[in-house]
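Asks: The numbering of the sequence shown is our numbering, which starts it at 24 and goes up by one.
Calculated directly from the structure, the hints in this document are not laboratory data. Every clue listed holds true.
Computed spacing ranges between beta-carbons, pair by pair:
| hint | residue 1 | residue 2 | range |
| --- | --- | --- | --- |
| 1 | 58 | 121 | 44 to 54 angstroms |
| 2 | 25 | 224 | 26 to 36 angstroms |
| 3 | 36 | 231 | 40 to 50 angstroms |
| 4 | 191 | 112 | 22 to 32 angstroms |
| 5 | 218 | 97 | 52 to 62 angstroms |
| 6 | 73 | 177 | 43 to 53 angstroms |
| 7 | 37 | 85 | 36 to 46 angstroms |
| 8 | 146 | 89 | 48 to 58 angstroms |
| 9 | 219 | 118 | 32 to 42 angstroms |
| 10 | 58 | 120 | 50 to 60 angstroms |
| 11 | 250 | 114 | 49 to 59 angstroms |
| 12 | 104 | 191 | 17 to 27 angstroms |
| 13 | 120 | 63 | 48 to 58 angstroms |
| 14 | 105 | 189 | 13 to 23 angstroms |
Here a beta-carbon is modelled for each residue, glycine too, at the ideal position from N, C-alpha and C.
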Amino acid sequence: MRAIWKGAVSFGLVNVPVRLFSATENHDVQFRQVHEKDGGRIKYQRICSIDGEEVPYSDIAKGYEAADGQMVILSDEDLGSLPTRTTKEISIEKFVPSEQIDPLLFDKSYYLEPDKTGLKPYVLLRDALEKADRMALVTVSVRSRMTLAVLRVREGVIVLQTLLWADEVRKPEFESLSEETHATQKELAMASSLVDSLSGDYEPDEFEDDYAEAVAKLVETKIEGGDITETPEAKGEESEVVDLLAALQRSVDKAKAAKAGGASSSGASEAAQAAGGSDSGSDGGSDGGASDESDAGKARKTAARKAPAKKSATKKAATKTAAKTTAKTAAKKSTTKKAATKKAS
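Can you make the complete structure from the sequences, with help from the hints?
Replies: Here's what the structure looks like:
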(Lines of atoms letter the chains of each structure in order from A and count residues from 1; the text may use other names and numbers.)
(Lines give C-alpha, C1' and ligand atoms only; values in the text may rest on other atoms or scores of the structure.)
Protein backbone atom coordinates (compact mmCIF):
# COMPACT_ATOMS: atom_id res chain seq x y z
CA MET A 1 0.00 0.00 0.00
CA ARG A 2 1.07 3.58 -0.57
CA ALA A 3 0.56 6.34 1.98
CA ILE A 4 -1.76 9.12 0.82
CA TRP A 5 -1.13 11.49 3.72
CA LYS A 6 1.52 12.06 6.37
CA GLY A 7 1.01 13.93 9.62
CA ALA A 8 0.61 13.44 13.35
CA VAL A 9 -2.12 12.71 15.87
CA SER A 10 -2.23 15.37 18.55
CA PHE A 11 -2.96 13.56 21.83
CA GLY A 12 -2.74 16.11 24.62
CA LEU A 13 0.90 17.13 24.78
CA VAL A 14 1.91 14.06 22.78
CA ASN A 15 2.26 13.99 18.99
CA VAL A 16 2.05 10.63 17.23
CA PRO A 17 3.65 10.70 13.75
CA VAL A 18 1.49 8.58 11.43
CA ARG A 19 0.89 7.78 7.78
CA LEU A 20 -2.56 7.44 6.26
CA PHE A 21 -3.53 4.48 4.05
CA SER A 22 -6.84 3.81 2.35
CA ALA A 23 -8.51 0.94 4.21
CA THR A 24 -10.89 -0.10 1.44
CA GLU A 25 -10.84 -0.65 -2.30
CA ASN A 26 -13.61 -0.96 -4.85
CA HIS A 27 -13.99 -4.35 -6.54
CA ASP A 28 -17.18 -3.43 -8.35
CA VAL A 29 -17.44 -4.65 -11.94
CA GLN A 30 -16.43 -1.90 -14.34
CA PHE A 31 -17.68 -1.82 -17.92
CA ARG A 32 -16.43 0.41 -20.74
CA GLN A 33 -18.74 2.16 -23.15
CA VAL A 34 -17.70 1.02 -26.63
CA HIS A 35 -18.91 1.17 -30.20
CA GLU A 36 -20.77 -2.09 -30.81
CA LYS A 37 -19.56 -2.32 -34.41
CA ASP A 38 -15.79 -2.18 -33.85
CA GLY A 39 -15.22 -2.08 -30.08
CA GLY A 40 -13.76 1.42 -30.08
CA ARG A 41 -14.07 3.31 -26.80
CA ILE A 42 -16.56 6.13 -26.61
CA LYS A 43 -15.02 9.55 -25.93
CA TYR A 44 -16.76 12.58 -24.52
CA GLN A 45 -16.02 16.15 -25.49
CA ARG A 46 -16.42 19.32 -23.45
CA ILE A 47 -18.91 21.24 -25.58
CA CYS A 48 -20.14 24.72 -24.66
CA SER A 49 -23.93 24.82 -24.56
CA ILE A 50 -23.98 28.33 -26.08
CA ASP A 51 -21.59 28.36 -29.06
CA GLY A 52 -21.41 24.59 -29.54
CA GLU A 53 -17.59 24.58 -29.67
CA GLU A 54 -15.25 22.25 -27.77
CA VAL A 55 -13.67 23.95 -24.77
CA PRO A 56 -10.06 23.17 -23.69
CA TYR A 57 -9.31 22.60 -20.01
CA SER A 58 -7.42 25.89 -19.87
CA ASP A 59 -10.66 27.79 -20.58
CA ILE A 60 -12.79 25.96 -18.03
CA ALA A 61 -13.66 27.79 -14.81
CA LYS A 62 -15.69 26.88 -11.73
CA GLY A 63 -19.25 28.13 -11.67
CA TYR A 64 -21.80 28.10 -8.87
CA GLU A 65 -25.42 27.92 -9.94
CA ALA A 66 -27.70 29.94 -7.68
CA ALA A 67 -31.20 28.83 -6.70
CA ASP A 68 -32.74 31.05 -9.40
CA GLY A 69 -30.55 29.49 -12.11
CA GLN A 70 -28.07 32.34 -12.41
CA MET A 71 -24.43 31.32 -12.79
CA VAL A 72 -21.67 32.85 -10.68
CA ILE A 73 -18.18 32.26 -12.08
CA LEU A 74 -15.46 31.94 -9.42
CA SER A 75 -11.87 32.78 -10.31
CA ASP A 76 -8.74 31.27 -8.78
CA GLU A 77 -8.39 34.44 -6.67
CA ASP A 78 -11.92 33.97 -5.34
CA LEU A 79 -11.26 30.36 -4.42
CA GLY A 80 -7.94 31.31 -2.84
CA SER A 81 -9.74 33.60 -0.40
CA LEU A 82 -11.83 30.75 1.01
CA PRO A 83 -10.91 29.27 4.40
CA THR A 84 -8.69 26.23 3.93
CA ARG A 85 -6.56 24.14 6.22
CA THR A 86 -3.32 22.58 5.13
CA THR A 87 -2.20 21.46 8.58
CA LYS A 88 -0.82 17.95 8.91
CA GLU A 89 -2.38 17.38 12.29
CA ILE A 90 -5.15 15.08 13.46
CA SER A 91 -6.42 16.97 16.46
CA ILE A 92 -8.38 14.99 19.08
CA GLU A 93 -11.28 17.15 20.26
CA LYS A 94 -12.96 14.72 22.70
CA PHE A 95 -13.60 11.07 23.46
CA VAL A 96 -17.23 10.06 22.91
CA PRO A 97 -19.16 6.81 23.59
CA SER A 98 -19.13 4.55 20.54
CA GLU A 99 -22.92 4.16 20.49
CA GLN A 100 -23.40 7.91 20.00
CA ILE A 101 -21.89 7.82 16.51
CA ASP A 102 -24.56 6.78 14.04
CA PRO A 103 -23.03 4.41 11.43
CA LEU A 104 -24.93 6.42 8.82
CA LEU A 105 -22.42 9.22 9.39
CA PHE A 106 -19.41 7.09 8.45
CA ASP A 107 -17.89 8.07 5.11
CA LYS A 108 -14.38 6.81 4.21
CA SER A 109 -12.02 4.61 6.19
CA TYR A 110 -8.23 4.83 6.54
CA TYR A 111 -5.56 2.93 8.43
CA LEU A 112 -3.07 4.83 10.57
CA GLU A 113 0.46 3.43 10.64
CA PRO A 114 2.97 4.89 13.11
CA ASP A 115 6.43 6.04 12.15
CA LYS A 116 9.27 4.25 13.91
CA THR A 117 9.80 7.20 16.21
CA GLY A 118 6.12 7.27 17.18
CA LEU A 119 5.51 3.61 17.94
CA LYS A 120 5.34 3.99 21.72
CA PRO A 121 2.77 6.83 21.83
CA TYR A 122 0.78 5.09 19.05
CA VAL A 123 0.44 1.94 21.15
CA LEU A 124 -0.50 4.07 24.16
CA LEU A 125 -3.33 5.77 22.24
CA ARG A 126 -4.56 2.47 20.79
CA ASP A 127 -4.71 0.72 24.16
CA ALA A 128 -6.40 3.73 25.79
CA LEU A 129 -9.14 3.73 23.12
CA GLU A 130 -9.76 0.01 23.56
CA LYS A 131 -9.93 0.23 27.35
CA ALA A 132 -12.27 3.22 27.40
CA ASP A 133 -14.60 1.71 24.75
CA ARG A 134 -14.88 5.16 23.21
CA MET A 135 -14.10 6.81 19.90
CA ALA A 136 -11.86 9.83 19.58
CA LEU A 137 -13.66 12.65 17.75
CA VAL A 138 -11.05 14.49 15.69
CA THR A 139 -10.69 17.21 13.07
CA VAL A 140 -8.40 16.55 10.13
CA SER A 141 -7.51 18.39 6.94
CA VAL A 142 -7.44 16.13 3.89
CA ARG A 143 -7.06 17.75 0.44
CA SER A 144 -7.18 21.25 2.00
CA ARG A 145 -10.67 20.84 3.51
CA MET A 146 -11.24 20.34 7.20
CA THR A 147 -13.56 17.48 8.10
CA LEU A 148 -14.74 15.59 11.15
CA ALA A 149 -13.59 12.04 11.78
CA VAL A 150 -13.32 9.43 14.50
CA LEU A 151 -10.47 7.20 15.63
CA ARG A 152 -11.28 3.66 16.65
CA VAL A 153 -9.37 0.40 16.93
CA ARG A 154 -9.76 -2.53 14.53
CA GLU A 155 -7.59 -5.63 14.76
CA GLY A 156 -4.88 -3.82 16.70
CA VAL A 157 -4.68 -0.89 14.24
CA ILE A 158 -6.08 2.61 14.71
CA VAL A 159 -8.63 3.38 12.02
CA LEU A 160 -9.63 6.89 11.00
CA GLN A 161 -13.14 7.19 9.59
CA THR A 162 -14.28 10.50 8.16
CA LEU A 163 -17.79 11.63 9.03
CA LEU A 164 -20.48 13.33 7.02
CA TRP A 165 -21.66 16.69 8.27
CA ALA A 166 -24.98 16.64 10.08
CA ASP A 167 -26.81 18.47 7.30
CA GLU A 168 -25.62 15.88 4.75
CA VAL A 169 -27.85 13.19 6.25
CA ARG A 170 -31.37 13.31 4.88
CA LYS A 171 -34.39 13.08 7.16
CA PRO A 172 -36.70 10.12 6.38
CA GLU A 173 -39.95 11.98 5.87
CA PHE A 174 -42.45 9.39 4.59
CA GLU A 175 -46.15 10.05 5.09
CA SER A 176 -47.01 6.34 4.83
CA LEU A 177 -45.01 5.59 8.00
CA SER A 178 -47.03 7.18 10.76
CA GLU A 179 -46.47 6.67 14.47
CA GLU A 180 -49.81 4.86 14.79
CA THR A 181 -48.77 2.03 12.48
CA HIS A 182 -47.44 -0.97 14.44
CA ALA A 183 -47.44 -4.77 14.16
CA THR A 184 -49.85 -6.83 16.28
CA GLN A 185 -48.61 -8.96 19.16
CA LYS A 186 -49.17 -12.16 17.16
CA GLU A 187 -47.29 -10.82 14.15
CA LEU A 188 -44.45 -9.65 16.40
CA ALA A 189 -44.19 -13.07 18.07
CA MET A 190 -43.92 -14.83 14.70
CA ALA A 191 -41.30 -12.36 13.53
CA SER A 192 -39.31 -12.83 16.74
CA SER A 193 -39.39 -16.59 16.20
CA LEU A 194 -38.02 -16.11 12.67
CA VAL A 195 -35.28 -13.86 14.00
CA ASP A 196 -34.23 -16.48 16.53
CA SER A 197 -34.08 -19.19 13.84
CA LEU A 198 -31.81 -17.08 11.65
CA SER A 199 -29.58 -15.73 14.41
CA GLY A 200 -25.83 -16.16 14.08
CA ASP A 201 -22.47 -14.39 13.99
CA TYR A 202 -21.27 -12.24 11.16
CA GLU A 203 -18.56 -13.94 9.13
CA PRO A 204 -17.34 -11.66 6.32
CA ASP A 205 -15.90 -14.54 4.25
CA GLU A 206 -19.24 -16.35 4.31
CA PHE A 207 -20.64 -14.11 1.60
CA GLU A 208 -19.21 -13.50 -1.86
CA ASP A 209 -19.96 -11.22 -4.77
CA ASP A 210 -21.49 -13.81 -7.09
CA TYR A 211 -22.21 -11.20 -9.78
CA ALA A 212 -18.55 -10.23 -10.14
CA GLU A 213 -17.54 -13.89 -10.26
CA ALA A 214 -20.16 -14.63 -12.92
CA VAL A 215 -18.97 -11.71 -15.07
CA ALA A 216 -15.33 -12.86 -14.77
CA LYS A 217 -16.29 -16.40 -15.74
CA LEU A 218 -18.37 -15.18 -18.69
CA VAL A 219 -15.49 -13.06 -20.00
CA GLU A 220 -13.03 -15.91 -19.59
CA THR A 221 -15.34 -18.26 -21.53
CA LYS A 222 -15.65 -15.77 -24.40
CA ILE A 223 -11.88 -15.31 -24.58
CA GLU A 224 -11.25 -19.06 -24.64
CA GLY A 225 -13.87 -19.45 -27.38
CA GLY A 226 -12.30 -16.72 -29.50
CA ASP A 227 -15.35 -14.49 -29.15
CA ILE A 228 -13.39 -11.27 -28.90
CA THR A 229 -13.23 -8.04 -30.90
CA GLU A 230 -9.89 -6.94 -32.29
CA THR A 231 -9.99 -3.23 -31.57
CA PRO A 232 -7.77 -1.13 -33.87
CA GLU A 233 -5.55 1.53 -32.36
CA ALA A 234 -7.27 4.82 -31.73
CA LYS A 235 -6.38 7.49 -34.29
CA GLY A 236 -5.40 10.12 -31.77
CA GLU A 237 -2.88 12.00 -33.91
CA GLU A 238 -5.17 11.98 -36.95
CA SER A 239 -8.01 13.32 -34.85
CA GLU A 240 -5.78 16.15 -33.65
CA VAL A 241 -4.87 17.00 -37.27
CA VAL A 242 -8.53 16.93 -38.27
CA ASP A 243 -9.41 19.17 -35.34
CA LEU A 244 -6.60 21.56 -36.30
CA LEU A 245 -7.75 21.71 -39.91
CA ALA A 246 -11.31 22.30 -38.77
CA ALA A 247 -10.14 25.13 -36.52
CA LEU A 248 -8.13 26.67 -39.37
CA GLN A 249 -11.10 26.38 -41.70
CA ARG A 250 -13.30 28.15 -39.17
CA SER A 251 -10.69 30.90 -38.88
CA VAL A 252 -10.58 31.32 -42.66
CA ASP A 253 -14.37 31.44 -42.83
CA LYS A 254 -14.50 34.09 -40.14
CA ALA A 255 -11.81 36.15 -41.88
CA LYS A 256 -13.72 35.99 -45.16
CA ALA A 257 -16.96 36.96 -43.46
CA ALA A 258 -15.25 39.97 -41.89
CA LYS A 259 -14.38 41.39 -45.30
CA ALA A 260 -17.28 43.09 -47.02
CA GLY A 261 -17.89 44.10 -50.68
CA GLY A 262 -15.06 46.08 -52.22
CA ALA A 263 -12.53 45.07 -49.61
CA SER A 264 -12.97 41.47 -50.71
CA SER A 265 -12.58 42.20 -54.46
CA SER A 266 -9.61 44.49 -53.80
CA GLY A 267 -7.88 41.74 -51.89
CA ALA A 268 -8.49 39.31 -54.75
CA SER A 269 -7.07 41.80 -57.30
CA GLU A 270 -3.92 42.30 -55.25
CA ALA A 271 -3.48 38.56 -54.91
CA ALA A 272 -3.83 38.12 -58.69
CA GLN A 273 -1.25 40.84 -59.35
CA ALA A 274 1.17 39.25 -56.93
CA ALA A 275 0.72 35.86 -58.60
CA GLY A 276 1.31 37.01 -62.23
CA GLY A 277 3.17 40.33 -62.48
CA SER A 278 3.45 40.86 -66.31
CA ASP A 279 0.01 39.41 -67.03
CA SER A 280 -1.73 41.81 -64.69
CA GLY A 281 0.20 44.71 -66.24
CA SER A 282 -0.77 43.76 -69.79
CA ASP A 283 -4.45 43.61 -68.78
CA GLY A 284 -4.44 47.38 -68.47
CA GLY A 285 -5.13 49.35 -65.36
CA SER A 286 -2.72 51.60 -63.60
CA ASP A 287 0.15 49.14 -63.34
CA GLY A 288 2.01 50.16 -66.57
CA GLY A 289 5.26 50.24 -64.59
CA ALA A 290 5.00 46.52 -64.10
CA SER A 291 4.95 46.03 -67.91
CA ASP A 292 7.97 48.34 -68.41
CA GLU A 293 9.85 46.51 -65.74
CA SER A 294 9.06 43.24 -67.43
CA ASP A 295 10.29 44.52 -70.85
CA ALA A 296 13.53 45.76 -69.30
CA GLY A 297 14.03 42.40 -67.75
CA LYS A 298 13.55 40.69 -71.10
CA ALA A 299 16.09 43.04 -72.72
CA ARG A 300 18.65 42.25 -70.01
CA LYS A 301 18.11 38.53 -70.53
CA THR A 302 18.52 38.88 -74.33
CA ALA A 303 21.70 40.89 -73.89
CA ALA A 304 23.02 38.31 -71.50
CA ARG A 305 22.39 35.56 -74.04
CA LYS A 306 24.03 37.58 -76.93
CA ALA A 307 27.14 38.54 -74.94
CA PRO A 308 28.78 35.09 -74.98
CA ALA A 309 28.03 34.69 -78.70
CA LYS A 310 29.63 38.09 -79.48
CA LYS A 311 32.76 37.22 -77.50
CA SER A 312 33.01 33.90 -79.31
CA ALA A 313 32.76 35.57 -82.75
CA THR A 314 35.45 38.12 -81.85
CA LYS A 315 37.75 35.37 -80.65
CA LYS A 316 37.28 33.38 -83.86
CA ALA A 317 38.02 36.48 -86.02
CA ALA A 318 41.21 37.19 -84.08
CA THR A 319 42.33 33.60 -84.46
CA LYS A 320 41.65 33.65 -88.21
CA THR A 321 43.63 36.92 -88.68
CA ALA A 322 46.58 35.56 -86.73
CA ALA A 323 46.59 32.44 -88.89
CA LYS A 324 46.66 34.52 -92.11
CA THR A 325 49.53 36.68 -90.83
CA THR A 326 51.56 33.62 -89.86
CA ALA A 327 51.00 32.06 -93.31
CA LYS A 328 52.12 35.23 -95.15
CA THR A 329 55.26 35.52 -93.01
CA ALA A 330 56.18 31.90 -93.68
CA ALA A 331 55.67 32.31 -97.48
CA LYS A 332 57.82 35.47 -97.56
CA LYS A 333 60.62 33.71 -95.67
CA SER A 334 60.49 30.79 -98.08
CA THR A 335 60.72 33.09 -101.20
CA THR A 336 63.72 34.99 -99.76
CA LYS A 337 65.51 31.73 -98.97
CA LYS A 338 64.97 30.38 -102.52
CA ALA A 339 66.34 33.62 -104.05
CA ALA A 340 69.45 33.54 -101.91
CA THR A 341 70.19 29.92 -102.84
CA LYS A 342 69.80 30.60 -106.59
CA LYS A 343 72.17 33.61 -106.40
CA ALA A 344 74.77 31.62 -104.55
CA SER A 345 74.76 28.92 -107.18
